[in-house]
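Enquirer: Single-letter residue listing:
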Amino acid sequence: MSTDTETRTEGETTAPRATDSADESLVGGIGTGTALLAVVSVQLVAFAAAVGVGYPGAYAGFAVLSAGAIAAYRNRGAFGILSATLGTVLLVALGLPLLMMVARQNPDLVVEMAADPGVQQALYLSVYAPLLAAIVSVAFGVPLALVLARGFPGQELVESLVDLPLVVPHSVAGLAILFGFGEGGAFGGVQFTVPVIDFTFTFAVLQTMLGMVLAMTFVSAPFAVNAAREAFESVPTRVEWAARTLGANRFETFRRVTAPLAWRGVLTGGVLAWARAVSEFGAVAIVAYSVEFFYPLEGEISAQHAPVFIYNTYLSAGLEESGAVATLLLALSAVIFLLVRTVAYDDGGWP
Amino acid sequence: MTLDIDVSATFTAEGADRFEVAADLSVADGETLVVLGPSGSGKSLLLETVAGFHDHEGRVALADRDLTGEPPEERGLGFVFQDYALFPHKTVRENVAFGGRYHDIRNPDDLLTEFGVADLADRYPPTLSGGESQRVALARALAVRPDAFLLDEPLSALDVPTRQTLREVLADVLADQTAMYVTHNRTTARAIADRVAVIRDGSIVQIGTPEEIFERPDSPFVARFTGANCLELADDALATPEGRLDFDGTDGLGTTGDDATHLAIRPEHVELNPEGPADADFSASVERAIQEDGRCLLALDVAGQRLDAYASSPPERDEVGISLPRERVTLLSA
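Residue numbers (the numbering used here), protein chains in the order written: chain A, 1 to 351; chain P, 1001 to 1334.
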């Protein structure tokens, strides 16, 4: 529990400063890594002290002032100090609620919740279904990203369509899925039969795994497509041309040059899509409030996506219990977040 | 093999007008044709079109083989890029051996040795200097034994000493290759070309041997771009206190004097009398003297027009006499 907290905290507090000081050695001759560790430790001790004496709000002031002090120490001038101070106000607004939520949990209750099969099932579903959505997003998003990266007339229209889910309210997205693919929509209720094994599958989205994955794909696909497109665009055209003049056709050029140079961006997009799907609430709550799926420990079961489960727990059991589950989901999200950072900044951006 | 080109291609860039590139020229077997033109003249687009990277109309043929509908990988044309375009995720040796899946290639290590970069075989391109990168790129292009070479400003990104060394390497490589070489650098063009084609706004404006292009430009544009002086002749523009420079068009010059509007002469052919205008065509005032390796470039003012000339050392007087040898002068009509 506490390990998770620290890991996440480190991510929250060091990332912005890492970019600030990455390429310069600090005054005084200590290494950048050591200095970062010292800053993070001081912040954690200060937070613990503030919580300990019962004035956690005091930590907010400390964080903002210490950022200004660091800027002053590094000779950033009045403007630099002002920027660091104001920037830290936002960081506090983002980080403090999460820190406080974790700090205010009852550890026994968190452990109890972690042992609850219902919670475990919800968390399992919240990794598994988003993973399917991410795989779908990447499998079909990569070809689309390739086409977009190459450019074509009318591209802006397609780009807008790709970005549309980002601005559609998620409850609306859920309704759209029901109107589009639900009963009476395209494919809704249509039966597909696989001839040889005589397997019949009825296309239905309401309260099904298919519906949940569709809803998650709807909201997460833009991340996969855009990240992959940027990755493909970052491969210089001339490098691909060089491959062509050496005898590689379009597919060989993709396989031996474009893909090896772009896979990291594509993977980042996939993980981003996964993370986005994990956090989805609105669309999932409408389309697939509760779904049946295969759970390795117990076989076919029915469960809810964790954000939905947490909302239910909050309504039925209150803040304390839902907070404990939320902390578990937060830890899970932190792991995914770390994964994103590790994948995306493998070339030295992550300390 | 002879490379015959008769293409036109239209390009539309965002926020820019349509740009058309059209050329009808032929590169003889073993010949190096330099396409010389300023930035934005479409010379790289022309080369890329020949390579098959852009849709085009017309015809590209290599010997008797029509390449027009062929994709780049089927054209048998080697391409060397200004920014090297090495595969950053492959070692130097893997770069050179890249074409081995599709062609019977030359031994990569032999090639790397030939270009003096054998010790870099296991390095990755981002760790190489510009000169090293271009040597690797040359080795890579040669490895697949292309029928003809296309080179897009291969020396432009290099510093001067490296450029001079690599220019010699290139001259050796291209000695018996059919090659089309694009550059904006007239020194490189003159050093490396069997023939030069000057391109402007997407069209070839003059084509000929380096001697013809540099000594007998046929337009003010070519004259200026190849580094010749280009003086206006209109309305006594070259009248000086010592008299008017008079050409009657009978001196075996390119254009008859009557409709000539410009006069072109290379700086190295301008004769200088440092003592003043005696025995010279007319006098000129020295605006600036720039010491170069072993000689001094003088920027002169002749009746309000600029004229460059060379002297062995900076003149002591502000006024010098200049003569324009008739056989070195080309008369042009704009």
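These are calculated hints, taken from the structure and not from any lab test.
Mixed in with the good hints, there may be bad ones.
Unchecked claim - Here are some, though not all, of the chain A residues that point toward chain P, as calculated from beta-carbon distances under 7 Å: (1) Ser234; (2) Val235; (3) Arg238; (4) Val239; (5) Trp241; (6) Thr245; (7) Arg255; (8) Val257; (9) Ala259; (10) Pro296; (11) Leu297; (12) Gly299.
Said to hold, decoys possible - Derived Cβ-Cβ restraints for the label pairs, each shown as a range: (13) A:Gly184 / P:Arg1018: 58 to 64 Å; (14) A:Asn249 / P:Asp1122: 24 to 30 Å; (15) P:Gly1227 / A:Phe152: 42 to 48 Å; (16) A:Asn249 / P:Thr1261: 40 to 46 Å; (17) P:Ala1063 / A:Ala259: 42 to 48 Å; (18) P:Tyr1124 / A:Ala115: 15 to 21 Å; (19) A:Ala259 / P:Arg1288: 29 to 35 Å; (20) A:Ala186 / P:Ala1063: 28 to 34 Å; (21) A:Gly33 / P:Glu1070: 38 to 44 Å; (22) P:Pro1071 / A:Leu164: 34 to 40 Å; (23) P:Tyr1124 / A:Asp163: 22 to 28 Å.
As the list claims (entries may be wrong) - Covered by chain A, per the in silico footprint, the following chain P stretches (three or more residues, Cβ under 8 Å): (24) 1065-1076; (25) 1082-1095; (26) 1100-1113.
The beta carbon of each residue, even a glycine, is placed where N, CA and C say it ideally should be.
Enquirer: Each hint should be assessed against the structure and marked as holding or not.
Expert: Quick rundown of the hints versus the structure:
1. A least Cβ separation of about 11 Å between Ser234 (chain A) and chain P goes past the 7 Å threshold, and the interface hint is therefore violated.
2. Look at Val235 (chain A): its Cβ only gets to about 10 Å from chain P, farther than 7 Å, so that hint breaks.
3. Because the beta carbon of Arg238 (chain A) sits about 4 Å from the nearest beta carbon in chain P, less than 7 Å, this interface hint is met.
4. Interface restraint check for Val239 (chain A): the shortest CB-CB distance to chain P comes to about 5 Å, inside 7 Å, so the restraint holds.
5. Because the smallest distance between the Cβ of Trp241 (chain A) and any Cβ of chain P comes to about 6 Å, under 7 Å, the interface hint for this residue holds.
6. Taking 7 Å as the C-beta contact cut-off toward chain P, the hint placing Thr245 (chain A) at the interface holds, the least distance being around 4 Å.
7. Residue-level restraint check for Arg255 (chain A) is violated (minimum Cβ-Cβ distance to chain P is 11 Å; threshold 7 Å).
8. Contact between Val257 (chain A) and chain P, as hinted, is supported at the beta carbon level, the nearest pair being about 6 Å apart and thus within 7 Å.
9. About 10 Å separates the beta-carbon of Ala259 (chain A) from the nearest beta-carbon of chain P, more than 7 Å, and the hint is not met.
10. Checking Pro296 (chain A) against chain P by beta carbon gives a least distance of about 38 Å; that is not within 7 Å, so the hint is violated.
11. Look at Leu297 (chain A): its Cβ only gets to about 42 Å from chain P, farther than 7 Å, so that hint breaks.
12. About 45 Å separates the beta-carbon of Gly299 (chain A) from the nearest beta-carbon of chain P, more than 7 Å, and the hint is not met.
13. Range check, Gly184 (chain A) to Arg1018 (chain P): about 49 Å between beta-carbon atoms, so the 58 to 64 Å window is missed.
14. In this structure, Asn249 (chain A) and Asp1122 (chain P) meet the distance hint of 24 to 30 Å, their C-beta atoms being roughly 28 Å apart.
15. Taking the beta carbon of each, Gly1227 (chain P) and Phe152 (chain A) are about 43 Å apart, inside 42 to 48 Å as hinted.
16. Between Asn249 (chain A) and Thr1261 (chain P), the C-beta spacing of about 53 Å breaks the proposed range 40 to 46 Å.
17. Under the hint 42 to 48 Å, the C-beta atoms of Ala1063 (chain P) and Ala259 (chain A), about 35 Å apart, miss the expected range.
18. Taken as a hint, the range 15 to 21 Å is violated for the pair Tyr1124 (chain P) and Ala115 (chain A), whose Cβ atoms sit roughly 50 Å apart.
19. The beta-carbon spacing between Ala259 (chain A) and Arg1288 (chain P), approximately 56 Å, falls outside the hinted interval of 29 to 35 Å.
20. The hinted window of 28 to 34 Å between Ala186 (chain A) and Ala1063 (chain P) is violated, with their beta carbons roughly 56 Å apart.
21. A hinted range of 38 to 44 Å for the beta carbons of Gly33 (chain A) and Glu1070 (chain P) is inconsistent with their spacing of about 55 Å.
22. Checked against the hint of 34 to 40 Å, the pair Pro1071 (chain P) and Leu164 (chain A) passes, with Cβ atoms roughly 35 Å apart.
23. Between Tyr1124 (chain P) and Asp163 (chain A), the C-beta spacing of about 36 Å breaks the proposed range 22 to 28 Å.
24. Taking a C-beta to C-beta cut-off of 8 Å, the segment 1065-1076 of chain P contributes 4 residues in contact with chain A, enough for the three needed, and the coverage statement holds.
25. Chain A is given as covering the segment 1082-1095 of chain P, and this holds because 6 residues of the stretch bring a CB closer than 8 Å to a CB of that chain, at least three being needed.
26. With 3 residues bearing a CB less than 8 Å from a CB of chain A, the segment 1100-1113 of chain P meets the requirement of three and the coverage assertion stands.
Hint compliance for this structure: hints 1, 2, 7, 9, 10, 11, 12, 13, 16, 17, 18, 19, 20, 21 and 23 are not met, and every other hint is.
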